[in-house]
Amino acid sequence: MLDLQIRQRLGVFTLDVAFAAEERGVTALFGRSGSGKTSVINAIAGLTRPDEGHIRVGDTVFFDSARRIDVPVEKRRIGYVFQDSRLFPHMTVRSNLEYGLRRVPVAERRIAFGPVVELLGLGHLLDRRPRGLSGGERQRVAFGRALLAQPRLLLMDEPMASLDAARKAEIMPYIERLRDEMNIPIVMVSHALDEVVRLATTMVLIGEGRVRASGPVGTVMGRLDLSAVTGAQHAGAVLHLTVEAHVPEDGLSVLAFDGRRLTVPQIDRPPGSPVRLHINARDVIVALQPLAGVSLRNALAATVIELAEAGPSSADVRLAVGGSFLIARITRAAVRELGLMPGREVVALVKGVAFEPDSGGAVSDRQGRVVDV
Amino acid sequence: MEILTPMETTALLLSLRVAGVAIALGLPLAVLAAWVLGRYSFPGKTLFDGLVHLPLVLPPVVTGYILLVTMGTKGVVGGWLYHTFGIKLIFTAEGASLAVAVTSFPLMVRAIRLSVEAIDGGLEAAARTLGAGPVDRFFTILLPLMAPGLLSGAIVAFAAAMGEFGAVITFVSNIPGKTQTLPLAIYAATQEPGGDAVAARLAAISFTVALLALMLSEFLANRVRRLIGQV
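Chains as they are written, first to last, in this note's numbering: chain Y, 1 to 373; chain V, 374 to 604.
Please note: incorrect hints may appear among the correct ones.
To be verified - Distance condition first, Cα-Cα at most 20 Å in a straight line; then the derived SDA-like pairs of lysine to any residue:
#	chain 1	residue 1	chain 2	residue 2
1	Y	Lys75	V	Asp509
2	Y	Lys75	V	Glu497
3	Y	Lys75	V	Thr513
4	Y	Lys75	V	Val508
5	Y	Lys75	V	Lys418
6	Y	Lys75	V	Gly506
To be verified - Negatives, chain V to chain Y, calculated, CB over 12 Å:
#	residue
7	Gly393
8	Ala397
9	Leu402
10	Val434
11	Ile439
12	Leu454
13	Glu467
14	Glu490
15	Thr502
16	Pro517
17	Leu518
18	Ala533
19	Val571
20	Ala573
21	Met588
22	Phe592
By construction, these hints were calculated from the structure, which means they are not laboratory data. For each residue, glycine too, the CB sits at the ideal point set by N, CA and C.
Bound-form chain Y, shown alone (with noise of 0.2 Å):
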């Protein structure tokens, strides 16, 4: 749907970024600040020129130095939720979700004023001006106006920056049923790994002006070679799973995946339906044998796939359980100890996971991460 490939100076580096995103779902640029994330969706909303490269969504040219080719941002149809909102201080909330609605012929209007705010529960809001508005009531604003100008397109940067930890909670619903319900391909520009893990379908890391892997969220989070770019603190792996069954009686649930059970605080999702954990590096511990006498209940046989330096002391211990990757976070001298190499058979020890808020979540401290599993 989208395929970019761009290249643009920005004062000390160079921005040379190629990816491409699917018809649905939502891409998350991911990097830290100054990475040149936001200089890449910038490019594609028209807002800056590259020097030269491609910008294409489904069958329309949007850029091509090549072919000389540079479509005015007015004429792209891309929407745009910037990080501060935008809104027009002037207009009404219905006019601010209007203004970019009237601009597009009758005949083209696939998306109506209605529904959009149903789905964003702006009803309320109508004929408020943006001064009296909450953070998060902005930014679900300017995901209406945006959606109603029907773009081909939804570009996002750090939707939720700019707001506290508990708008981010309110607004995160929104931006899921966007994703859900909307026939409407997101790329999204974040550095915060929470809304990644939970939101986004394909992910994207960004260095220094350069993709520095992209794929699937599991597959890119998995890999020991990026902890540098995405912080060391983050390092950890997400896993797909689904609830099997609950037990009430001792409150737990267990969530099965490839074959292999994990057993959590009961959550509120019935039998069968998908859930995401993100399981970090520092919650994993590795054994050479099942242990005896211990009070953590998950304990998963793993093969070690590789070792990668961590820091002046630990390292990172890349795990496959079925067809799926964790991270253990050790100490080097306990890698030497155990002899742990590439093939080696082990068993993971999983003492903490963290939901993404919306799998229904129950007992979890405030990064959502639930402990003593």
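Dock chain V against the given chain Y, drawing on the hints supplied.
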């Protein structure tokens, strides 16, 4: 009982008309100049900026003299206007409007430019992504948001235009009923023996009009600010 004498009424109405025409004609140009100066950089911008502000620092008599030379019936532009369209500016109320339009122009541009520069450029980028072209953006985003500055600039310039003396008397002379605006009438009164009382009354009228204009400016700007959601 009449409050104003016929002579006072004539001078007041003439002043209002001269200033009104000047602002009506000057305002669109001032908005354009303010927009260009506030939003774009281009070669020669400093020179353009200087030319726009020149009437502010030039002695008004010099402005009037330049107008006399260029816009008089023997001047380059004035001669052309006179012979082609039969338009005569010198010694007419229209000429007085032109003179005060020139001297009050920088006041308008300054006030409007400040409000243009205060508008977040990101809003225009947002409007672009929503499909609005340059003219569309100007009328739906910029113009409403610069309205407070535009209003107060126009009213202050109007008050200043009513009080302009040097440029008017140099260009269109001091003809009662035709070009004799309030300040010119005051000057004429002070030149006549026993004209002090007349001058004092005219000065009081000028004072009242100027004060009312400033208060109106403040009031309207606040109303508009509320209307466009800035307060």
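Tested hints:
1. Y:Lys75 to V:Asp509: holds (13 Å)
2. Y:Lys75 to V:Glu497: Holds, because 15 Å separates the two Cα atoms, which is no more than 20 Å.
3. Y:Lys75 to V:Thr513: Cα-Cα ~17 Å, so holds.
4. Y:Lys75 to V:Val508: Holds, at roughly 14 Å.
5. Y:Lys75 to V:Lys418: Outside the cut-off at roughly 30 Å; violated.
6. Y:Lys75 to V:Gly506: Measuring from Cα to Cα gives roughly 9 Å; hence the hint holds.
7. Gly393: holds (27 Å)
8. Ala397: Its Cβ never comes within 12 Å of chain Y, the nearest being 24 Å, so this holds.
9. Leu402: holds (24 Å)
10. Val434: holds (43 Å)
11. Ile439: holds (40 Å)
12. Leu454: holds (40 Å)
13. Glu467: With a cut-off of 12 Å, glutamate 467 of chain V remains clear of chain Y, as the shortest Cβ separation is near 36 Å.
14. Glu490: holds (16 Å)
15. Thr502: violated (4 Å)
16. Pro517: violated (5 Å)
17. Leu518: violated (6 Å)
18. Ala533: With a cut-off of 12 Å, alanine 533 of chain V remains clear of chain Y, as the shortest Cβ separation is near 28 Å.
19. Val571: Non-interface label stands for valine 571 of chain V: nearest chain Y Cβ at 48 Å, farther than 12 Å.
20. Ala573: At about 46 Å from chain Y, alanine 573 of chain V clears the 12 Å cut-off, so the statement holds.
21. Met588: About 24 Å separates methionine 588 of chain V from the closest Cβ of chain Y, which puts it past 12 Å; holds.
22. Phe592: For phenylalanine 592 of chain V, whose nearest Cβ neighbour in chain Y is about 19 Å away, the distance exceeds 12 Å, so it holds.
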